[in-house]
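**Q** Dock chain C against the given chain H, drawing on the hints supplied.
Number of protein chains: 2
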Amino acid sequence: MKIKNICLTDEGDEKTASKGQNCKLWCQKHIFNKKTINKRLPITAWLPKYDRIDFLGDLVAGITVGLTVIPQALAYAGIAGLDVKYGLYGSFLGAIVYIFLGSCKDVPMGPSAISALLTFTVTKGNIQKTVLLCFLSGIIEFMMGALGLGFLLDFVSGPVSSGFTSAVSVIIITSQIKDLLGIHANGSTFLKIWMDVAKNIHETRWQDLTLSISCIIVILLLRILSRVRVGPKDELQRTKKQKYMTGFFWIFGTSRNAIMVITCACLVYGLELFGYSNVFTCIPEVEKGLPQLTMIPFSLTNEENGGNGAMNFFEMVAEMGFGLVIIPLISLMENISVCKAFADGNAVNTKQEFIAIGAGNILNSFLQTFPGNGALSRAAVNNASGVCTPMGNIYTAIIVLLSLQFFTPCFKYIPKATLAAIIVAAVIFMIEIKVYHKVWRTKKIDILFMVITFISCLLLPLEIGIFIGVAVNSGYLLYNAARPNVDVSVLKTNDSVEYLMLTPDRCLMFPSVDYVRNLVNKQSLKSDLPVVIDCSHVHGVDFSAASVIQTLCNDFKNRQQQIFFYNLTPSVLEVFEGMKSDNFIVFYRIDRLDDLINENKPSRRSFLSNI
Amino acid sequence: MKIKNICLTDEGDEKTASKGQNCKLWCQKHIFNKKTINKRLPITAWLPKYDRIDFLGDLVAGITVGLTVIPQALAYAGIAGLDVKYGLYGSFLGAIVYIFLGSCKDVPMGPSAISALLTFTVTKGNIQKTVLLCFLSGIIEFMMGALGLGFLLDFVSGPVSSGFTSAVSVIIITSQIKDLLGIHANGSTFLKIWMDVAKNIHETRWQDLTLSISCIIVILLLRILSRVRVGPKDELQRTKKQKYMTGFFWIFGTSRNAIMVITCACLVYGLELFGYSNVFTCIPEVEKGLPQLTMIPFSLTNEENGGNGAMNFFEMVAEMGFGLVIIPLISLMENISVCKAFADGNAVNTKQEFIAIGAGNILNSFLQTFPGNGALSRAAVNNASGVCTPMGNIYTAIIVLLSLQFFTPCFKYIPKATLAAIIVAAVIFMIEIKVYHKVWRTKKIDILFMVITFISCLLLPLEIGIFIGVAVNSGYLLYNAARPNVDVSVLKTNDSVEYLMLTPDRCLMFPSVDYVRNLVNKQSLKSDLPVVIDCSHVHGVDFSAASVIQTLCNDFKNRQQQIFFYNLTPSVLEVFEGMKSDNFIVFYRIDRLDDLINENKPSRRSFLSNI
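Chains H and C supply the protein sequences, listed in that same order. Residue numbering for the first sequence follows my numbering, beginning at 95 and increasing consecutively. Residue numbering for the second sequence follows my numbering, beginning at 95 and increasing consecutively.
Where hints are given, some of them may not hold.
Same chains, same label: a pair holds when it works inside one copy or across any pair of copies.
Said to hold, decoys possible - Derived DSS-like pairs: lysine-lysine, alpha-carbon spacing no greater than 25 angstroms straight-line:
hint, residue 1, residue 2
1, 129, 616
2, 616, 143
3, 506, 327
4, 445, 620
5, 293, 695
6, 143, 327
7, 133, 445
8, 286, 382
9, 128, 445
10, 128, 620
11, 143, 128
12, 616, 128
13, 327, 651
14, 528, 674
15, 143, 133
Keep in mind the hints are simulated off the structure, nothing from the lab. These numbers were taken from a predicted model, which means no experiment stands behind them.
Chain H extracted, bound-state conformation (with noise of 0.2 angstroms):
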């Protein structure tokens, strides 16, 4: 018993009654109504309901996340092949941007190791084309999101994102060899960077490296420790103290980064103080206090462009070239994946995002930054810390304004090789190679794509090799478009009348139509029994499958055989009666066939007129 039936196409049901009414009473229903203003500014659905709770699970989560993000920001900066400083001067801002736009309590916008590699891939650690790259990425996600292009992410598939976040992991953890090493290497691919550090890996300083695997190993340890649940497995069985300790060591190990930092300063510091300076390699020292708001540079003077010549704002456009695609596309995929993966089923609002983080990146761009987004990273140790709403974000960015505030002059006792261990003891879970195992039990040509992705990506600029995977994937879904199987059967009807039926499997368009045709025509030649093309699951047709369906109906007029077609969908049936032949009959219900096979009995007359 069917009570209703609503056919659902993409944003159908907004589409209802727009034509006919005027321009104000429009506005009014698509603008300013409530639902609308909620929906692009996410504020005003949430502020009215903020109580106390949320604020103390804000407040928590975001001070958490501040702590994360300080050494980040610092470690980020550098894969972006910048001074440490820009990273922090991109951590604060975009963050306020999005407690107004961001519609997702989970995002904790800012620097991310992927947005970092990609950025130094396109402009090889220029501050100048690094800003004018933010101000573009902000710009191409604001107008993506505008325009509703936010499905273009849809056609990066699992595996080929597995593929590609796996070669950024292993490139990022490669890009930190040197400083793990204390030794300098040079090379912006994966191979050049393994070639240089095997020149110079003699000159390994034994001290940087004694730290850097140190810090590693306790990175890892306070990882472990904050996974550790003291008491029985259920928590309504805990008594207060087991609770504590849980807790404590939660925010121990959450905050290991920020621990490890200070401690390795305070080392610095203390050895210092002995006399013993420059045991270790440490960043340059940080300029105190905050960015100011500068102009983007929309060209670039001869030293401003390392002495290789000036450019003018097309020539900086062009040399980024496809990577002004790939890296707001990137950053966005990162960026929605993080809603995604704490959205609890709920829709995640893509477009909104993506005017969101566009408009962070925009205004970040004016204070010399890196495009950033929400990291995935930080994201875990937001939803992990109770955050209740993006108000979240404030706290992350009072706490990174302090610490440009006040303390910047520490910043230059923290040594390069614990920025490299917390980058590395980051980023290795990145690898996904659990996903190969699930892809195996699956669906193994997924395997292939994964694979092929990787691989490009490592050998390949970053940007191409994504694109390649894509280009892969997507050129298998069209060969799966072009081949569909048809299900060939002998049947017979209530009067014992054998027929052929025929029944493709899905939408005929136009690489699959002449490989249909002749399946039809080879399969019907066999035997001269009536043809039923069953088009049961034939949902998309088009002009190719129209003109086919003719070309078919007149092959079996030539040959005076029966071709009847059985099911066919409305909107179908409209385009293939479009083609006008004479010999295409179409039926509904099967208990007609044997009246439709004795009315349409082929004539003498009609094979003559053909010889």
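**A** Below, chain C alone, put in the same frame as chain H:
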């Protein structure tokens, strides 16, 4: 009543039983059996049955095509920017090769207008580059056949192919305007040629213009004559005289190009006899005799490259670039559409055609010519003349060889305007206006792809133009795969329990899975009814789909709503089960639903463990 049921995939019936057999048996079965030999050397299939009727049909058709190919070869060589002789050089060896390897009786292997234009866009009339292009195209075509890459052609849809052909026609007509007017004009793109024509229009020679207009009119009248039927419509009722008249009109009309060329050449010769030389611009003198076998030029000296510096093999290949893929594909596309047009519902042996055309071009290149294939215009003549086997090609080849040996001294009397008129009168019918109406009646959006291809082929290099058309159309296909329709109905079980039935209408692959997940969650959240996902139309899934199904099962488990999957095909079930989700329940009989709903009532425990 199902009697037999076979599921067909590509070449499914050739795949059986090859493992575990030894090599000799395998070779006997797969290579040296009669069916394979007939397929790979089609002459072995038809020659043993060759009889008098075949001979007569082939003789008449071969001679008629021969009379057509000579003026076409001269004209198309001009389109390719080469001396007219190179057109004739490519009109016999390939045709002879085709007799042995070709699978379609109607294909007249030789120069074609589309290949000639594409050749010109790539090599700009340099004969050495053209010969190398012919050789490489042959190799690529042969390899594509051997590797079974014929499916690539399936991605050129009807509308894209129409748009391309129309653009080619317009460009060819444009390229002939200078000869129609008797002026000089250079430029290789549509716009540049028009600009150059506009600049030099004042040089128009009235003699050439008059001749070309008269030629076009006469050719079009002769074309109509070839379709005149004397007497009653039914052929059997005509008197003998009426039949002869019809036959005469047809031969006279079909040989229109040869007649025009001979008449105009006689006119020029006559005028010269009376002392009026240089009235019309004629083609330059053609070298007498057969071409010599020449080695393929794998490098160019500075002089051979027109003073643009020497080039080695790789530089030449790099310069051809994209054209090296597009020219073979487009030649083969024209060739295959010739085969399809006259196949009468029989399957086209695409693989063998690729091999035959490839081999023809490889050998042709040693005689110095440009890439060729079965041209649609001559194929129509061939078919209408009653060709019975590919043997017709031998008579065509003989005619071309005779003309090269004996008639070349007369070629200098052929006016350029006449050749241009022949081209214009032929390709004007390739502008596919009729298709526009058909597309409009069936699937309106396909017009967009037609127009995009047409415009981009006119304004950009041809090979880029068709690539854009194919990319946009394939993009639409992918978008279509990304946005399936999901039918939503509220139904009741036998025990009157309401449930929500969601039916996606096509395969679930990576671009669509998140969309479907959101849609399912959105619909399910409106009520707490049990949800049934009907997978009857889902015939293909991938890893991304499997992981979204797992997420969906978890989403439902977390909010204690029931979800069931109905009617999965075995291959889909296998993929989904690889995820090992504990809330994944499949059923195949709708009357089992009541039991399932009762058995799987969500427990409180699962709710608590989730807090």
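**Q** Quick check: which numbered hints come out false for this structure?
**A** When the structure is compared with the hints, numbers 3, 5, 6, 8 turn out to be violated.
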